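Please take these sequences and the hints and turn them into a complete structure.
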Amino acid sequence: MKHTFRKGGIHPDAHKTASRRILFQPLPLTAWLPLSQHIGAPSVPVVKKGDKVVRGQLIAENSSFVSAGLHAPISGTVSSIEPVVMPSGKPAQAIIIKASDEEHASDEAARAAYWDTMIPNVTDRTLSESLTSEEIVKRILGAGIVGLGGATFPSHVKLSLKPGIKAEILILNGCECEPYLMCDDALMCTWPARIVEGVELMMKATGIPKAVIALEDNKPEAAKALRDALDPAYDISVMTLRTKYPQGGEKQLVEAVTGRRIASGALPLSVGAIVNNVATAFAVWQAVATGQPLIERVVTVTGDIPAEQQCNYMTAIGTPLSELPFTLPEECRAIVGGPMMGRSAVRLDAPVMKGTSGLTLLKGKGRRQPQPCVRCGACVDACPMGLEPYLLSTYGRLRMFDEARQADVADCLECGACSWSCPSSRPILDYIRIAKQRSRK
Amino acid sequence: MNTNTMIFSPSPHLHTGRTTPGAMRHVLVALIPSVAAALYFFGLPALEVLLVSIAACVATEWLITRYMLRRPSTIADCSAVLTGVLLALNLPANLPLWMVVAGSVMAIGIAKMAFGGLGCNIFNPALVGRVFLLISFPVAMTSWPLPSAGFGDADGQTGATLLSRISEGAVDPATVDSLQLFLGNIGGSMGEVSALAILIGFVYLLTVRVIKWHIPVAIAVGLVAVDLLAGYPPVVDLLSGGLLLGAVFMATDYVTSPMTSRGMLLYGVLIGIITASIRRWGAYPEGMSFAILIMNGATPLINRYIRPQRFSPRRKEVPA
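These protein sequence lines map, in sequence, to chains A and B. For the first sequence, this note's numbering begins at 34 and goes up steadily by one. For the second sequence, this note's numbering begins at 26 and goes up steadily by one.
Hints listed in this document are in silico derivations from the structure and should not be mistaken for laboratory results. Note that this is a predicted model, so its numbers are computed, not measured. Virtual Cβ for every residue (Gly too), placed ideally from N, Cα, C. Be aware that a few hints might be false.
Said to hold, decoys possible - List of simulated lysine-lysine pairs, DSSO-like, C-alpha gap at most 27 Å:
| # | chain 1 | residue 1 | chain 2 | residue 2 |
| --- | --- | --- | --- | --- |
| 1 | A | Lys49 | A | Lys398 |
| 2 | A | Lys257 | A | Lys199 |
| 3 | B | Lys237 | A | Lys171 |
| 4 | A | Lys40 | B | Lys237 |
| 5 | A | Lys243 | A | Lys195 |
| 6 | A | Lys257 | A | Lys49 |
As the list claims (entries may be wrong) - If we take Cβ atoms under 8 Å as the criterion, some of the chain B residues that face chain A in the derived model are:
| # | residue |
| --- | --- |
| 7 | Thr30 |
| 8 | Ser34 |
| 9 | Pro35 |
| 10 | Pro37 |
| 11 | Leu39 |
| 12 | Thr41 |
| 13 | Gly47 |
| 14 | Thr90 |
| 15 | Tyr92 |
| 16 | Met93 |
| 17 | Pro97 |
| 18 | Ser189 |
| 19 | Tyr279 |
| 20 | Thr285 |
| 21 | Arg335 |
| 22 | Ser337 |
Printed below as a string of structure tokens:
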């Protein structure tokens, strides 16, 4: 019997129909780089309008410990630092870099050469042994790496354990439990050895002796590729979990792997675990071994588009979403991320950011007309946190925020399993979000 | 890039595809064996009661939404049809049709619509209709046509149900033929006589995941527990009267049963205990309807005190 988390969960159709290949999205001629692509304080520009920058150069530095630097994904000239539109339609301060045709051509040549060296899966195991823990964390900090699973928490913070704090297990999240998305699957199938080496670097940085790469049983190819890439010198194992959404939720994953439940409001460290995404491990390897900061990532383009367009693209951060190759369906929702937790975009001229795992294009309005709640309890059964979504939603609608707090609304991870399972199509999560925000102390 | 065709909506952007009318239709499908058994055993009168009950329930709901509430009609959600079928299955096949209409109006008009319509009622509408008729017309509601399988032998015989005969001391429960009870060749309400037909429906509802096992199984457990204490044969008790019909189709009504699995277990066990207690020591030979209605009333309380177990242990000191 394969492990999974015990409470709640749902089984939406996977729709993992995109190719597992990773194609290279051409670099943009103009890159839009918002200063806040991570959790924590926005980064502070170290360039000004008119400055020449080269690909990989630091253009904004982290302003405090919980923050992340930003690097130029293309060579060119800083054309302005001004608010640009985000996918949500809201403006955010950003650095805009424009490249000339010559700069673009030389960048593309350098990029092709860089990735060519990546393709052979020859591993250099001496790397993680030759570096000190401080040096690894310093390089991760210098590369502006954040959690690439979507939460975008700065990685150097997670990997800097305070003196006296010991963690027992490093969990690598390769679940990709969101339907449609395949960017992590593609990465694990394409560069498994690089991911394993990234894991080894993370183990070295944190001093954690044991690591588990966890993925769901709908990714047998990735599991095999990773197992083949393992080095017996390290205590790393690949664990296949029974597919269930939201397995990639941090608390659910820690329970599925270790059997331990994290207390309300606590971090995985409270049960001795640190969780990172497999794509983050890959970025760590890139930063430490090749010196390339986080300037590109894999983005899945998928949904109700022709099969040949459903693919993964290695995309420079700052590339407008609209430059990705797809034909926008008539009357659709363009979702940045996966369909369960992703946000629907109102503007596609907004850029790909560090946390952008995919673009899911779904036809139709999606939502049905809500019907009266028939108290069937489907949302209660679906909730992975053991909450009462119907009740929290009602509290949100009636503005009973104190009651919502007492009913543990803060535990909600906004996975959407409640709204998904509601036969009356009620917007359960919408009201819970209101209750969660307004009941915060 | 034409951005006009893009629709903004909050996550999640997917939906299970299940609908409430869909669940109602599944229950209707699950009732087909019971309806067929009723028609087989009781013939044409059963069909009349069934059709009148459905028509009266749907008409009551339509008239109330159209002329009293002045809202869009809700009859398309199939819940009024379901109430009609369930009410009919809880009635004797020879009940005068005007009484069927009165029960339907009570079920939909008072028990459902007066409380605010679908999802807002506290008590199971079909059971309210049945109990209303039982209290108002006790003679008509307790003289049952004996089953005359095969439509032919319509000699108009009536008699008491097995439970009332046992209750009167006319029959020793230990001598009852369980196989005839199981197949349904006994007197009783239209839908309650064939345990086999009800169990087929139960398996169907479990298979399509419209209901969970908790409530029906807990009811059986509660009933058998009391029977064992009282020294009564549990199999006869399980198969007779409205127990199975109530356990599978009435007590599992979404609206009037608890939200959590643990709440459902408590609710079910208590229904079983109350039913067995009424049957053993009460004035009525049959107690299922009352037991379910009593526990319907207790459901908000169960929801309040039987909470789902939270994923997280309660907040502790966070090591940072």
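Are there hints from earlier that the structure breaks, and if so, what are their numbers? Violated: hints 2, 3, 14, 15, 16, 17, 18.
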